[in-house]
Amino acid sequence: MDRGFLSSIELKTPKGRIYYGVTVVILTILALIVLFPFVYAFTSGLKGSLEVFNSGLNLIPQKAQWHNYRDAWEDFKMLKLFRNSFIIVTVSVLLRLTVSVMAAYSLSQLKPFGRQLVMLAFLLTLMIPSIAYLVPLFVTLGNLPIVHKSILDSYWGLWIPYAADAFGIFVLKSFFDRIPPDITDSAKIDGASSFQTLVYIVLPLSRSIIIILGILSFMNIWKDYLLPLLVISDPERQPITVRLFYVAKDYGVNLQMAAAFMALLPPLLIAILMQRYLKAGLTMGSIKG
Amino acid sequence: MKLTYALQTTQAITRPFSVLPYRLTRHLNGYLFLLPAIIVFALVAWYPIVRAFQMSFQEVSLIGESKNVGFENYELMKKDPARKIIFENSIEFASWSILLGYAVPVVVAILVREMRFGKGFFRIVYFLPSVVPVSIAVIVWRFIYDPDSGVLNEFLELFGIKGQLWLYDPKLAKPSIVAVMTWGTFGTTTLIYLSSLLDIPTELYEAAELDGASPLMRIRHITLPHLFPIMSLLFVLQILAVVQVFTEPFLFTKGGPGRRETLTPVLHIYNRAFGRADMGYAAAWSVVLVIVLVAFSAFYQIANRRIAARQEN
Numbered sequence: 001m002d003r004g005f006l007s008s009i010e011l012k013t014p015k016g017r018i019y020y021g022v023t024v025v026i027l028t029i030l031a032l033i034v035l036f037p038f039v040y041a042f043t044s045g046l047k048g049s050l051e052v053f054n055s056g057l058n059l060i061p062q063k064a065q066w067h068n069y070r071d072a073w074e075d076f077k078m079l080k081l082f083r084n085s086f087i088i089v090t091v092s093v094l095l096r097l098t099v100s101v102m103a104a105y106s107l108s109q110l111k112p113f114g115r116q117l118v119m120l121a122f123l124l125t126l127m128i129p130s131i132a133y134l135v136p137l138f139v140t141l142g143n144l145p146i147v148h149k150s151i152l153d154s155y156w157g158l159w160i161p162y163a164a165d166a167f168g169i170f171v172l173k174s175f176f177d178r179i180p181p182d183i184t185d186s187a188k189i190d191g192a193s194s195f196q197t198l199v200y201i202v203l204p205l206s207r208s209i210i211i212i213l214g215i216l217s218f219m220n221i222w223k224d225y226l227l228p229l230l231v232i233s234d235p236e237r238q239p240i241t242v243r244l245f246y247v248a249k250d251y252g253v254n255l256q257m258a259a260a261f262m263a264l265l266p267p268l269l270i271a272i273l274m275q276r277y278l279k280a281g282l283t284m285g286s287i288k289g
Numbered sequence: 290m291k292l293t294y295a296l297q298t299t300q301a302i303t304r305p306f307s308v309l310p311y312r313l314t315r316h317l318n319g320y321l322f323l324l325p326a327i328i329v330f331a332l333v334a335w336y337p338i339v340r341a342f343q344m345s346f347q348e349v350s351l352i353g354e355s356k357n358v359g360f361e362n363y364e365l366m367k368k369d370p371a372r373k374i375i376f377e378n379s380i381e382f383a384s385w386s387i388l389l390g391y392a393v394p395v396v397v398a399i400l401v402r403e404m405r406f407g408k409g410f411f412r413i414v415y416f417l418p419s420v421v422p423v424s425i426a427v428i429v430w431r432f433i434y435d436p437d438s439g440v441l442n443e444f445l446e447l448f449g450i451k452g453q454l455w456l457y458d459p460k461l462a463k464p465s466i467v468a469v470m471t472w473g474t475f476g477t478t479t480l481i482y483l484s485s486l487l488d489i490p491t492e493l494y495e496a497a498e499l500d501g502a503s504p505l506m507r508i509r510h511i512t513l514p515h516l517f518p519i520m521s522l523l524f525v526l527q528i529l530a531v532v533q534v535f536t537e538p539f540l541f542t543k544g545g546p547g548r549r550e551t552l553t554p555v556l557h558i559y560n561r562a563f564g565r566a567d568m569g570y571a572a573a574w575s576v577v578l579v580i581v582l583v584a585f586s587a588f589y590q591i592a593n594r595r596i597a598a599r600q601e602n
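Just so you know, the sequences run in chain order A and B.
Take the first sequence: its letter number 254 is residue 254 in our numbering, and every next letter is one higher.
Just add 289 to the spot in the second sequence (first one is 1) and you have our numbering.
If you are wondering where the hints come from, they were derived from the structure by calculation, not from laboratory data.
Hints should not be assumed to be uniformly reliable.
[Stated by the list, open to error] Stretches of chain B that chain A covers, calculated by requiring three or more beta carbons in the stretch to come under 8 Å of a beta carbon on chain A: (1) 403-409; (2) 430-436; (3) 482-496; (4) 528-538; (5) 564-572.
[Unchecked claim] What follows is a list of derived Cβ distance ranges for each label pair: (6) A:V199 / B:H316: 34 to 44 Å; (7) B:R594 / A:V147: 39 to 49 Å; (8) A:H67 / B:E443: 44 to 54 Å; (9) B:K543 / A:V39: 37 to 47 Å; (10) A:G142 / B:D369: 23 to 33 Å; (11) B:E443 / A:Q275: 29 to 39 Å; (12) B:K543 / A:L59: 23 to 33 Å; (13) A:L123 / B:Y589: 12 to 22 Å.
Even for Gly, the Cβ is constructed at its ideal location relative to N, Cα and C.
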């Protein structure tokens, strides 16, 4: 039976009903506060350029100016911004998943000599805040050791840093550890190489965790601001998070709001559509490793 | 035994370096799979971490040779007029963040847990701001905060509260920024508490109810003790995150509204490294910041363990 600290019977008493009602009201008000900026951005984006300044508490525009959204789309070159962000994020996620899966598979199944030390070195980066090495990272990307080439102002300068994800390696390793050895052993007996075992046995078994990690990475990299700000200085190639803020103040507030709302939509849609996976993913930190 | 035998012979036929002994190829193979991760981590984490220490003792030049200057960068830090203000700002930011945002997720999680309908709805709604890029949210929020035509002042006027300058007010700038940060993160924390609440066996509540414990007593003696370890962990994580905040003050106020009211350590590092191209000095700041943060969390862990041990006695 589903119950919290109150039982279902207690909830049916007058006191319980009042408590329940108050809870619903509090949570609904909180939900309205949380959603307010989204609604506000949407309706302000529909207002005229003067109306938006003196509409007071009127959320609903007098006459919806739908063309604001088309203007903002073109003025801010939203398509290009979305495309830049999409290229940066998609490749980063794919690269990150590939690197993490291979490393986790090796640590969990192949168990090479000295793996504890390697694992520790990965986890070290979780303990040291990334601000500690942000400046040297920038310098390193500007002058790669050995080859002496700069990958600043190129997407490689984002793809490679985003590919390093100790959290993902750790989560995947604990997941791979729970795959019954009988399954991988029988694959080996049938003559599968390590690579084939990974692709045909381990990956299909861990599809769910890989999807979760992929979505979480997608959202986190999409949100990031500081690294793309430093690495990509060419305005034609900057992601939406960096570029939109930079150009916003050159336009009217109603257009800013319209553009901001459009920029908010993709992450919101992903969060809503993928909430089933997200719920599992966000509490993943508490998985016993 | 038979199984191992079969396994090794088939391996010997198919594996790539079949002249080498099996054990060696197994380790080689393992490192082959680790190689991409090792290269990437070395390039973007391990090497930069070592370089951070090295750079903090150098006058870094991006084109020519960097010059070793010993402890000069650290000596300069002592004289930095911003140092004291940044320290105070960090403490104020952390206090505001704990004040405005620490208890909210706990209360919300307990309330949502009691919902018989619509749990999923509240969960997703509270979580939505966490997926929003900060730089986009700032565009919307700075208009909400706008002193002249912002909706917040208009709303407060309904209750007869005079309009405030918010982000432009040296006193209100910090709480205004922290409020936006809380809006952006409390949903994630709520989800963590919520999943922990679902782990509480309902039998505990039933037993307490039979023993005549009132609902408040059940929260006090069952719910909160269960949440306490996570609350204690999230407390220190929240402080660590707030002290390292960059994007919000950078975009909202640039460290202003006056001279340094919202200047944070990371913002200062950014300004020194990329505004004044003084990378060595910025590296020294990063090293000190990390040492302070690590020391703080170590101290917190030890104090926490002491308290827990005392409670058990």
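Comparing the hints with the structure gives:
1. 403-409: holds (count 4)
2. 430-436: holds (count 3)
3. 482-496: holds (count 6)
4. 528-538: holds (count 4)
5. 564-572: Coverage by chain A holds for the region 564-572 of chain B (3 residues, Cβ < 8 Å).
6. A:V199 / B:H316: 34 to 44 Å: violated (21 Å)
7. B:R594 / A:V147: 39 to 49 Å: holds (47 Å)
8. A:H67 / B:E443: 44 to 54 Å: About 26 Å separates the Cβ atoms of H67 (chain A) and E443 (chain B), which means 44 to 54 Å is violated.
9. B:K543 / A:V39: 37 to 47 Å: Once the Cβ atoms are compared, 28 Å apart, the range 37 to 47 Å for V39 (chain A) and K543 (chain B) is violated.
10. A:G142 / B:D369: 23 to 33 Å: holds (26 Å)
11. B:E443 / A:Q275: 29 to 39 Å: 34 Å Cβ-Cβ, so the 29 to 39 Å window holds.
12. B:K543 / A:L59: 23 to 33 Å: holds (30 Å)
13. A:L123 / B:Y589: 12 to 22 Å: About 20 Å separates the Cβ atoms of L123 (chain A) and Y589 (chain B), which means 12 to 22 Å holds.
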